[in-house]
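Residue-level listing of the chains:
There are 2 protein chains.
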Amino acid sequence: MDVTYNFSAGPAAFIPGVVADICDAMTCGGAETEYGSDAYRALYTETADELRALVGIPQNYRIIFMPGGSSVQYSAVPMNLLTARRCADYVISGKLSKSACLEAKKYGDIAIAASSAGANPVFSTVPETKRADFRPDADYVHICFNNPIYGTKFHYIPDVGNLPLVADMTACLLSEPVDVSKFGVIYADGMTNIGAPGMSVVIIREDLLGNARADIPAHMNYKLLSEGEGGCPPALLLMMAKRVFEKTASVGGLEEMKRRNERKACLLYDYFDTMSYYTAPIDRKCRSMTNIVFVTGDAALDRKFVTEARECGLTNLMGDPSVGGMRASLYNSMPYEGVEALLSFMRKFSMENPKF
Amino acid sequence: MDVTYNFSAGPAAFIPGVVADICDAMTCGGAETEYGSDAYRALYTETADELRALVGIPQNYRIIFMPGGSSVQYSAVPMNLLTARRCADYVISGKLSKSACLEAKKYGDIAIAASSAGANPVFSTVPETKRADFRPDADYVHICFNNPIYGTKFHYIPDVGNLPLVADMTACLLSEPVDVSKFGVIYADGMTNIGAPGMSVVIIREDLLGNARADIPAHMNYKLLSEGEGGCPPALLLMMAKRVFEKTASVGGLEEMKRRNERKACLLYDYFDTMSYYTAPIDRKCRSMTNIVFVTGDAALDRKFVTEARECGLTNLMGDPSVGGMRASLYNSMPYEGVEALLSFMRKFSMENPKF
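The listed protein sequences derive, respectively, from chains H and A. Here the first sequence is numbered in the working numbering, starting from 1 and rising by one per residue. Here the second sequence is numbered in the working numbering, starting from 1001 and rising by one per residue.
Watch out, some of these pointers could steer you wrong.
[Stated by the list, open to error] Covered by chain A, according to a simulated footprint, are these stretches of chain H (three or more residues, beta-carbon under 8 Å):
| hint | region |
| --- | --- |
| 1 | 100-114 |
| 2 | 233-243 |
| 3 | 293-305 |
The hints are simulated quantities; they were obtained by calculation from the structure and are not laboratory data. Even for Gly, the Cβ is constructed at its ideal location relative to N, Cα and C.
Can you build the whole structure from these sequences, using the hints too?
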């Protein structure tokens, strides 16, 4: 096989056309756009405008691009959103939401409103929540909308009443349409569908700005950042994101991404459901469309699978070390042909390695 | 003129060979190296080892690569280094050191040990300091070693006794040899000589790790970061830095960079000293080798200069808005020919625009 397909959970593979554009830009100086210059500000605004149009972000939401990944947001969210009450509720659906929760505990009274840690296997589903699970005086409720380690995704938007819902959408933003108005804050690492590893995007409802604690580092202050102060990503990363947004819009936007991603994911899930060699060890209704976790049920066989797949040009299929098994991340840059190649390898591997 | 020379203070122009290598890496998947993978860890370690060899960083210093620019360090330094005493001294030599100082004041008892704000023009020199200027119980002393806005640079290393000296070397690291052992911490934004905008490097003496305040965001905790936890830059940016370090070493290292940078800077400074049309409005002994600030003495003429230079392919020569005039940043990626082209334009401009 001459082509390589990269199934990494992050950074995602680059979209080939975007790479060529960025290389052109680097070669002719465009990626060197000076911080603070008119050209930089225009690039920032255009990138935000592209994202706004693509996702359908209402006008009362600000868009912020920040250096660093989603882990920056684990502390930025509580430092920006906790008010004098300093109280927030977290829904725990995996390791990432646990990390976010642990970080938030440095800054206030953080409660776990619901958790699927007790599921078997651990985190193989997302918690079912109801409005009464959340404290009425919480400053916000935090969820991780898609859990790339376990291959699960919220199949519903929790009813949090009037509380601001904050969602880590790192591994799912741009994979399908989302009703932004249901959320107070959406944030996502640039390393997946956004296609700009090293930065993250924050989409925040305007009325939530301005509550940051006095000692918040300036580079994490959403209000300052939304006003163009405090720091910003280099032009190189903004250009990468902008090209991805443009290309995504040009092929049909998020409805088309949803159609493509469902088609890719179903290719694998349908195979799991009809053949028993591989299984997706999670609750069916919470299946992620972007991170497909599966196992053979034999850890040694799983390792053999990952190694042989790599030799066939199907790379980064190893599951997260904390759960083992395999994981195929099917972000927007993964073509249907890549999933077909994986399926074909899976069939071949299952025939060559019969289980007893 | 077909060639364009970019004199921006940041991000610096990319080194052409590095751009080609990075584009190759992006095209064939190298820049997608998965976070946390063996390949990523190897890349991180190799990049650090290259920097250690290039700069001659002693073994008792750790090297950390972090997402974000130098402004992240403005808060990271006090959050990591202030101990129970919570007291540090800042030397103010320009707008950037003022920003660093202002940020630090959120976290402790911060004193201004010395300042050149009163110079005429403002910040046209760096403060002369003596050991008695610093509080003996300060946790550290902070300086900005090169001030890109004013075109000044410390011509000496302040004597701080046993106190750890923390230096922002954003616009000068890699431009000449530096005795790291004289410093407790050196940090630099990746956007200048390091050639990786969007990340910064921190070089820290091991004994200074472990004093971070309890509520420091994990992604800013030097100790965690030095142990591979808390966050890291994308492979793309590490690869850019690594290639720059390799290329710099391959042409002769920092001694050669110093020779080249002095030769470039002298071309301009010698011209200022022999002709009176342009002047560098700063103290001679503090002249920066990397950021050459100059004026005609007539603000309208300065603007005309910047505009006409741009039309001739000499870009980003406008001085910082706070000081006006012109600024030519001569980072390692700026070839001698670029400075010759600038000088040639300067001569022509002075003849076409006589002053009375």
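Comparing the hints with the structure gives:
1. Against chain A, the region 100-114 of chain H contributes 3 residues with a C-beta closer than 8 Å to a partner C-beta. That satisfies the three-residue criterion, and the hint holds.
2. Remark: the region 233-243 of chain H is confirmed as covered by chain A, as 5 of its residues place a Cβ nearer than 8 Å to a Cβ of that chain, reaching the required three.
3. Proximity of the region 293-305 of chain H to chain A, defined as three or more residues with a beta carbon under 8 Å from a beta carbon of that chain, is not established by the 0 residues found.
Hint 3 from the earlier list is the only one contradicted by this structure; the remaining hints agree with it.
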